[in-house]
Structure formats: structure tokens, C-alpha cells
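Asks: Top to bottom, those sequences are chains A and B.
The working numbering puts the first residue of the first sequence at 1, with every later residue one more than the last.
The working numbering puts the first residue of the second sequence at 1, with every later residue one more than the last.
Each hint should be verified, as a subset may be incorrect.
Stated by the list, open to error - Taking lysine-lysine and the DSS-like style, the derived pairs with C-alpha atoms no more than 27 angstroms apart in a straight line are:
#	chain 1	residue 1	chain 2	residue 2
1	A	K228	A	K182
2	A	K124	B	K5
3	B	K5	A	K256
4	A	K110	B	K69
5	A	K165	A	K182
6	B	K5	A	K255
7	A	K243	A	K194
8	A	K165	B	K69
9	A	K182	A	K130
10	A	K182	A	K255
11	A	K124	A	K111
12	A	K194	B	K69
13	A	K121	B	K69
14	B	K5	A	K111
15	A	K121	A	K110
16	A	K111	A	K121
17	A	K105	A	K133
18	A	K121	A	K105
19	A	K124	A	K165
20	A	K5	B	K5
21	A	K224	A	K165
22	A	K228	A	K124
23	A	K124	A	K182
24	A	K105	B	K69
25	A	K255	A	K243
26	A	K156	A	K255
27	A	K156	A	K256
28	A	K156	B	K5
29	A	K121	A	K194
30	A	K243	A	K165
Stated by the list, open to error - From chain A, some residues computed to sit far from chain B (all C-beta separations above 10 angstroms):
#	residue
31	E86
32	K130
33	Q221
Don't read these hints as lab results, they were simulated from the structure.
Computed from a predicted model, the values in this text were never measured in an experiment.
Every residue, glycine too, gets a C-beta built ideally from N, C-alpha and C.
The primary structure of each chain is shown beneath.
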Amino acid sequence: MNTQKILLTTSLIILPILLCVIFAHSFVRKEIVNDISLNPETKSTNLAELVKEDSNEISKSSAIQSNSNQTISPTLELDDLITSFEEEIVEESEEQLNFTIELMKLENYKKSGGTMWASEKWMKDLDYYKSLKTTELAEECFSRPIYSFEVTIFDKPRLGFERLKMFHNGFQVLFQRNDMWKGILHTYENLSSKLNLESNLSTIVRASGSLHALRALYGFQEFKEQVKGREEIFLSANIRVLKKFAWYLENYDPKKLGTDGSPGFFCEPCSVAQVALMLTKQVDPQRYNSIESEIKSVRWPEEQNVQDLKEFIKLVLDDLEGVDPIEGSETRDNGADNN
Amino acid sequence: MNARKIFITRMLQMLIFVCGVSCVAKAATYSWGDYNTNCNCKTAIVGTLTSADYDQSQAAQDAAWEDFKAAYEGLVDSDRLGNRTYIYNCHALAYTVFCKWLNGDQRTQFHGYSSWCWEAVSNGEIKSSNYHSCFVNNWGKCGPQFYCKNNQYVYGASMPTQQYIRH
């Protein structure tokens, strides 16, 4: 009897303590969840939502991984590209503030005599660049790989564009020209002409890298404004470049390049294809809608395979067959005539 | 009456036992260490869909790196340039692997961010959390994409492709 009383009393004491512990445990957890939502970036988010998001990624991931290692999508950036071209990007005030601070730092750096890319050794006066025709100016600007580096190394290419404007006299002039679009069209032709069998690896890497980086221009306000209404011309230019890549892939000599088989590029034609698809959406939305899912469903294994690349380019070119209104009125550049 | 007391006692004992087991299980799931550091870091399964990469051959990477060094004189291999976040593809181009943060070492800048953060650590695990303190003194990146800590994966060495296990 005594034992039972002791047990009863002990139980009555321990139970509230345990309840307190459990309550405190939940409270601490709740506090942590609240801690996340205090930040404006995640104000509308809670842990449950984040977990849910994560779960979506899990199912996506599982779906991909169930088919061996099919992990690469050559059109992964396509939707972002379309958004950046079609919509005006409004940045959060905090982001805008950070950007302004970055610009101020750069301006101070320039005022104190700072230069970039060792430009003091090769850059000419502003007047020289002003004196050039736009096509010549573009040729001079893209003669160095600076553009492709600057728009590649930042999360937001915008910062790269600002740095080019501020520290490169040539780009400063080019970006202010009303016919900048002519310079960029010329750049497509000029760079793709370097994808020929006589070019060494360095030239191929540089030319394809710059062609790849031209994609960033379609989110650059000054350029976007000039492309609007001229989408067909740029679509045509991108299709021509894509054909040139296809031609090069069929004809290059890996031994001569010294790459053990690879052509010196891989993602670069994918970027050109994405621009072509984005412009197709502007020029012929119905066509785009009919091909979108097929092209977006392409997946590759992680290890690069030139055959995959060839097939993807072929798929895009086949799907875009006839969409280019300029194509019929011009001599087709299948690449061979540039060699 | 005795039977009633015994019944209540037994019920309370069972309740205590259940609560005890529950607490132990809970403690195993969320370690106290996590609360102490306010850091619920975990290894996560993540979307491994990635964009196509640059040519990964040694020769092509070397060519790109030579151009990059020429453009940004004075860089050394351990420097980082730019703040680029890489989509989960740690093959990465040579010059992006050897990059330099413009504002210097930004490790502490992970304080103040609470968006979802990722870190691909050298053993191939992906750490994810929205507790920024998980990434203090570690390279990591907050945002929808990965920052690959890929110094170990230069020149086309493969990132692990195994299914990541989520705790």
C-alpha cells in the first residue's frame, strides 16, 4: 500500500515536469521558426513551406536520378532568359542599395586612378572609339575576352555591364550608340567566322565564350530596347551561329585542337540556342509553344558527350525550321564558306 | 478503491514511459547542439538538374585560364573574382574556380541572410539550411542556387552523383 502511494505521488510529481519539458521543447522550436520569418526575404515563408519546397526538389531530383545520371538540361536558363527579356526587372530596395554601393566603390576606385584589365597598357582614348563606325567599334570591343568574363563572374551581369561602361572606353561608347544593335549583329557574324578549321584552340574557346556571353545582353536594358521590333533579325543571326556550331562539330579535328576529343566548347551553343528559342517565342509564339516541351525535356548525363550536343543542336534547328523569315532571302551560311 | 488507485498508478507509469521514449526520440532528431548554435544544418537531397558546362578538357580549361589571367593581372590561383553563384555543376571553368571575391573575404556576410543556403562541401555532401550561421567560417551561398566549393574539383573531376540523404 505504501509502495503504491509512493508510486502515485512520484508519478504526480514527474508528470507535470515532463509536460513542462515537452512544452518548452515545442516553444524553442517555434522560436527558431519565427527567427526565420523575421527576415524580410523570408517573411512570408515558414519552415513548413521551406520543407515543402525542399520536398518538391526531392521528388524532382528523384525523378531525374531514377534515370541513371540524367542531370544536365541544356535549356535550364531559358525561362530566366525569357523573363529577363520580356519583363523589366525590378530589384528589391535592399538589392538596389547594395548595387548602388558597389557602383560608388567603383567610381571612387576610378577617381583614385584605378583601372581594370590592365587597360592602361592597351586602351585608347574615348575620342578614338567615338570616331569608329559601330561595327568597327564592336569588333574592337570584342577583340578581347573581357566582355565574356565581366558578364560571367557576377550573379547579376548588370554589375559587369556597369564595370564595362565605367572602365572600358570602347564599351562606354558602344552602349550609348543608338545603333548598338548593328554592332552586336556584326559581332555574331564576326565571332562565328572564327569557328573555322584553321583556328587554334585558344581562338575557339575565346570566340565561343563570347558568343555564349552575348546571351546576357538580352537582359541589359539599353540593348533590349533596341532589339524590340528587331527580334527577327536577331533570331536569324542566332540561328546562323547555331548552324555554324553544328557545322564545326561535324568537321573539327580534335587531334589538331589537342583536346582529346572535345571541340573547345560545350555549353556555348546551348546559350545561343536558348537565345534563338527566346526570340522564337517573340516572333512566333505558336511555334514556340509547339516545340517548347520537347526541347525542354532534353536531359544529358553529367559527363559531356559531343554526340548529345550535336543531337540537341539538330533538334533545335529542326524545330526552328522555317521560323526564320530572313533565312529564305539570304544565302544560307552553313559554315563552309567561311573557311 | 485499491484497484482504482493501482489502475491510476499504472496509467501514470505508462504515460511517463511514453513521454520518456518520445523525448529520447526527439533528442535524437534535433540535437541540443543545433539549438546551441541556432543552426539546424542538414544534409539534403537537392535538385541535381544543372546547366551544361564549359569544355572540361584540360587544354580548353588552360586556354580559358590563360585568357583570364591576362585580363585580370596579378591574380593568384587562390583568389576569387566576382560573386557568381554556380548552379549545381561543380565541374566549373578553371578561371571561375580560381576566383576572388571583390570585397575580400565575405564569409561573414552570410550573417544577415536567411534565404535558403547551400554549401557543397569537399566530401560531396550538400549542406542546406536557412540558418545562416551554419555557414559561418565556411564557404557557402545563400540563394536558390549552389555556390560550389569546388577547389577540389578543378579541371573536370566529377562531383559526386549519389543520392543525397536527408536527415
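Asks: None of the hints should be skipped; say for each whether it holds.
Replies: Right, here's what the structure says about each hint:
1. A:K228 <-> A:K182: holds, 13 angstroms
2. A:K124 <-> B:K5: Measuring from Cα to Cα gives roughly 98 angstroms; hence the hint is violated.
3. B:K5 <-> A:K256: violated, 93 angstroms
4. A:K110 <-> B:K69: It holds: about 21 angstroms lies between the C-alpha atoms, which stays within 27 angstroms.
5. A:K165 <-> A:K182: Since the Cα atoms of K165 (chain A) and K182 (chain A) sit roughly 18 angstroms apart, the hinted pair holds (cutoff 27 angstroms).
6. B:K5 <-> A:K255: violated, 91 angstroms
7. A:K243 <-> A:K194: holds, 13 angstroms
8. A:K165 <-> B:K69: With Cα atoms ~21 angstroms apart, K165 (chain A) and K69 (chain B) stay inside 27 angstroms; holds.
9. A:K182 <-> A:K130: Roughly 15 angstroms between the alpha carbons, so the hint for K182 (chain A) and K130 (chain A) holds.
10. A:K182 <-> A:K255: violated, 37 angstroms
11. A:K124 <-> A:K111: holds, 18 angstroms
12. A:K194 <-> B:K69: Status holds; Cα separation ~22 angstroms.
13. A:K121 <-> B:K69: holds, 15 angstroms
14. B:K5 <-> A:K111: violated, 88 angstroms
15. A:K121 <-> A:K110: holds, 16 angstroms
16. A:K111 <-> A:K121: Roughly 18 angstroms separates the two Cα atoms, so the pair holds.
17. A:K105 <-> A:K133: Judged against 27 angstroms, a Cα distance of about 32 angstroms means the pair is violated.
18. A:K121 <-> A:K105: holds, 23 angstroms
19. A:K124 <-> A:K165: Holds, at about 14 angstroms.
20. A:K5 <-> B:K5: holds, 8 angstroms
21. A:K224 <-> A:K165: holds, 16 angstroms
22. A:K228 <-> A:K124: The hint is violated at about 32 angstroms.
23. A:K124 <-> A:K182: holds, 22 angstroms
24. A:K105 <-> B:K69: Cα-Cα ~23 angstroms, so holds.
25. A:K255 <-> A:K243: This hinted pair holds, its Cα atoms lying about 23 angstroms apart.
26. A:K156 <-> A:K255: violated, 37 angstroms
27. A:K156 <-> A:K256: violated, 37 angstroms
28. A:K156 <-> B:K5: Violated: K156 (chain A) and K5 (chain B) sit about 72 angstroms apart, past 27 angstroms.
29. A:K121 <-> A:K194: Holds, because 26 angstroms separates the two Cα atoms, which is no more than 27 angstroms.
30. A:K243 <-> A:K165: violated, 32 angstroms
31. E86: Holds, because the least Cβ-Cβ distance between E86 (chain A) and chain B comes to about 20 angstroms, which exceeds 10 angstroms.
32. K130: Given a closest Cβ separation of 24 angstroms, the condition holds.
33. Q221: Nearest chain B Cβ is 21 angstroms from Q221 (chain A), so the label holds.
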